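Asker: Protein sequences, first through last, are from chains A and B.
Numbering that gives the first Met the number 0 puts the first residue of the first sequence at 0, with every later residue one more than the last.
Numbering that gives the first Met the number 0 puts the first residue of the second sequence at 0, with every later residue one more than the last.
Take these hints with a grain of salt, some might be off.
Heads up, incomplete: computed chain B residues facing chain A, CB under 10 Å, no partners named [unchecked claim]: (1) 73; (2) 76; (3) 104; (4) 375; (5) 377.
List of simulated lysine to aspartate or glutamate pairs, DMTMM-like, C-alpha gap at most 20 Å [what the hints assert, rightly or not]: (6) A:79 / A:67; (7) A:161 / B:40; (8) A:127 / B:58; (9) A:83 / A:68; (10) A:115 / B:88.
Rather than coming from a laboratory, the hints here were simulated on the basis of the structure.
Since the structure is predicted, the reported quantities are computational estimates derived from the model, not experimental observations.
We put the CB at the ideal spot given by N, CA and C, even for glycine.
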Amino acid sequence: MNRKAIIQVKNLVARYGEVTILDNITFDVYEGEIFVILGGSGCGKSTLLKHLIGLIRPYSGRVIIDGDDISHCDDKTFQKILRKIGILYQSGALFGSMTLAENIGLPIEEYTDLPKKAIDTLISMKLKLVDLDGYEGHLPSEISGGMKKRAGLARAMALNPKILFFDEPSAGLDPITAVELDNLINHLNMSFGTTMVIVTHELESIYEVAHRVIMLDKRTRGIIAEGDPKYLREHSQNLFVKHFFNREAEKETFIPKGQ
Amino acid sequence: MTDSKKLQSWQYRISGNEKGDIKLHIQGRMDESNAGAMINDLSGLLKERSPSSLTVDLDEVTYLNDFGALVLVELKRIMTSGNGLFRLENIDENIRKILSVLSFDALGKKGSFGRPPTPGSLVRLGEATLRHVSDLKNLISFIGSVCLSLIHVILHPRSLRTEETFSYMQRTGVDALPIVGLISFLLGLIMAFMSAVQLEQFGANIYVASLVSLAMTRELGPIMTCIIVAGRSGSAFAAEIGTMKVSEEVDALFTMGFDPTRFLVVPKIIASVIVVPLLVLFSDVFAIFGGLVVGVGMLDLTIGSYVAQTIKTLTLFDVFLGFLKGAVFALLIAWIGCLRGFQVKGGAESVGQATTSAVVSGIFLIILTNSIFSVILRYWG
Numbered sequence: 000m001n002r003k004a005i006i007q008v009k010n011l012v013a014r015y016g017e018v019t020i021l022d023n024i025t026f027d028v029y030e031g032e033i034f035v036i037l038g039g040s041g042c043g044k045s046t047l048l049k050h051l052i053g054l055i056r057p058y059s060g061r062v063i064i065d066g067d068d069i070s071h072c073d074d075k076t077f078q079k080i081l082r083k084i085g086i087l088y089q090s091g092a093l094f095g096s097m098t099l100a101e102n103i104g105l106p107i108e109e110y111t112d113l114p115k116k117a118i119d120t121l122i123s124m125k126l127k128l129v130d131l132d133g134y135e136g137h138l139p140s141e142i143s144g145g146m147k148k149r150a151g152l153a154r155a156m157a158l159n160p161k162i163l164f165f166d167e168p169s170a171g172l173d174p175i176t177a178v179e180l181d182n183l184i185n186h187l188n189m190s191f192g193t194t195m196v197i198v199t200h201e202l203e204s205i206y207e208v209a210h211r212v213i214m215l216d217k218r219t220r221g222i223i224a225e226g227d228p229k230y231l232r233e234h235s236q237n238l239f240v241k242h243f244f245n246r247e248a249e250k251e252t253f254i255p256k257g258q
Numbered sequence: 000m001t002d003s004k005k006l007q008s009w010q011y012r013i014s015g016n017e018k019g020d021i022k023l024h025i026q027g028r029m030d031e032s033n034a035g036a037m038i039n040d041l042s043g044l045l046k047e048r049s050p051s052s053l054t055v056d057l058d059e060v061t062y063l064n065d066f067g068a069l070v071l072v073e074l075k076r077i078m079t080s081g082n083g084l085f086r087l088e089n090i091d092e093n094i095r096k097i098l099s100v101l102s103f104d105a106l107g108k109k110g111s112f113g114r115p116p117t118p119g120s121l122v123r124l125g126e127a128t129l130r131h132v133s134d135l136k137n138l139i140s141f142i143g144s145v146c147l148s149l150i151h152v153i154l155h156p157r158s159l160r161t162e163e164t165f166s167y168m169q170r171t172g173v174d175a176l177p178i179v180g181l182i183s184f185l186l187g188l189i190m191a192f193m194s195a196v197q198l199e200q201f202g203a204n205i206y207v208a209s210l211v212s213l214a215m216t217r218e219l220g221p222i223m224t225c226i227i228v229a230g231r232s233g234s235a236f237a238a239e240i241g242t243m244k245v246s247e248e249v250d251a252l253f254t255m256g257f258d259p260t261r262f263l264v265v266p267k268i269i270a271s272v273i274v275v276p277l278l279v280l281f282s283d284v285f286a287i288f289g290g291l292v293v294g295v296g297m298l299d300l301t302i303g304s305y306v307a308q309t310i311k312t313l314t315l316f317d318v319f320l321g322f323l324k325g326a327v328f329a330l331l332i333a334w335i336g337c338l339r340g341f342q343v344k345g346g347a348e349s350v351g352q353a354t355t356s357a358v359v360s361g362i363f364l365i366i367l368t369n370s371i372f373s374v375i376l377r378y379w380g
């Protein structure tokens, strides 16, 4: 394959105390793609995400982000890696005491040498990108949940990171807002070529945005499917994967005899 | 005239004519890594030459994102503010797309923005008045709701969450004992020291015992103990309930049919009212012990005479008064802590304010009530 792997996960094992959450996981994410991590509740999606962004160091194995190992690196390298990634948290995680403009301006002021006026223009651009122009002076408590996510996205993109991580982007949004967010993700991916890693279990959103997915499984604690979601829906041999993609959990008794 | 400058990932070339028109050829990447340097360099250059028109040739730009567009916006702003002309040339398809996504043409016209302007002083005065009136209303209705809940718990003792109450007794009382003990001991020590200097002149060393025991038991013991409790537990109550309010846990309680006051406030109040008077007693004992150390160590008193003088000075009423004060102060601390918690609106900042306010109002109420006690005792006691 010619494409460059921007994230490489090699033999990752994640444990909380004695409990193994992820066992020997290996996969690559290529530059410029929208990559979706999915799976049922409690299968370790969020744990995997925390490992990818360096919030948790793995029990064993490696996570390599754009050539640097985030799992075994010094503070300087870690800071360098953090500059390459942006994260949209589930609730947006905007700072409640700051206006949207101040929220987005925070990383820009800290990490660039742009003059104040230019920063204000840049903030307007970022808000325009997420369709929130005109909301610069609003506080997070004054806008809706969907808008908070978009503002959170604008903040995550403030420094144009190479990789954007999304934690359940459509959780808690109505279908129309969720679709709008999906469109926005597609649009940003096409415009700027940003690699996107999305953790979700919303099927509609997966078909809409995902170039490639991996599916985690609670029982094997590993990856049970990898590839194009539409292909997996039709052709996967794994019953659990098929059920998941076709939303058939309630129609048949698939636990655990089917496996 | 032409000149050029080389930086790491970009460079530019300038050609111009005598009329003051400048053409700027930018080569390389225009992104976050060099936007700051570009703006600095190019705006300096424009200021130096102040051309009548600027044409930017983007033919050799290999990559442009919003930071690159920002550079162009800044150039445009500088040019148009000096009534100069600004034009882009040789924009390729990708760059055109990005510029249109960012609606480049509309950018840079708006000025700087900030928070909405602060309203006039009259408006603020009015708002503050309304806020205080509603605060007062809140306060009164909260007193009512606490009274009702307490009555309900007295009539139906089983509805009290005993486990919770015991846990608060531990946190408010037992856990506070070491610090209350230490501070009271030192306070007794200091008082004995200071009074000894004066009393020694009259050969009245023995009255150090009277002074320390009486002052601590009647006044300082309850006040010091309750100030510590306000700092430790009043703030904790406010923060706990405030955080629950932010994360909608209080709403959840309400919709599940629980009375949030009975569920959250009553255990805290009952626990505090039970343990704080006991803490006050401990505080008295530690302070008397502190005085004793000074009396025996420095003033040549015997342990026996010191203790005898202390017992002679104190009446049961003094001890009871300290005990009563402790209970009343505890009630106020728990009440104001919970009230401030319930007043939290919004997010983390509001929780911080509530916590601060719980401690400050708590201490104020302690001192105020203590003054009221003094006045009553002066005329009645």
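Asker: Against this structure, judge whether each hint is valid.
Answerer: Hint check:
Interface restraint check: residue 73 of chain B against chain A, minimum CB-CB distance 5 Å, threshold 10 Å, status holds. Taking 10 Å as the C-beta cut-off, the interface hint given for residue 76 of chain B holds, the closest approach to chain A being about 8 Å. This hint is violated: residue 104 of chain B has a C-beta 12 Å from the nearest C-beta of chain A, more than the 10 Å allowed. Checking residue 375 of chain B against chain A: minimum C-beta separation of about 44 Å lies over 10 Å; hint violated.
A least Cβ separation of about 47 Å between residue 377 of chain B and chain A goes past the 10 Å threshold, and the interface hint is therefore violated. Straight-line distance between C-alpha atoms of residue 79 of chain A and residue 67 of chain A comes to about 9 Å, which keeps the hinted pair within the 20 Å bound. Between the alpha carbons of residue 161 of chain A and residue 40 of chain B the distance comes to roughly 26 Å, so the proposed pair goes past 20 Å and is violated. Distance hint between residue 127 of chain A and residue 58 of chain B is unfulfilled; the C-alpha atoms sit about 26 Å from each other, more than 20 Å.
Straight-line distance between C-alpha atoms of residue 83 of chain A and residue 68 of chain A comes to about 13 Å, which keeps the hinted pair within the 20 Å bound. In summary, the hint linking residue 115 of chain A to residue 88 of chain B is not supported, as the alpha carbons are separated by about 28 Å, beyond the 20 Å threshold.
Comparing the model with each numbered hint stated earlier shows that hints 3, 4, 5, 7, 8, 10 do not hold.
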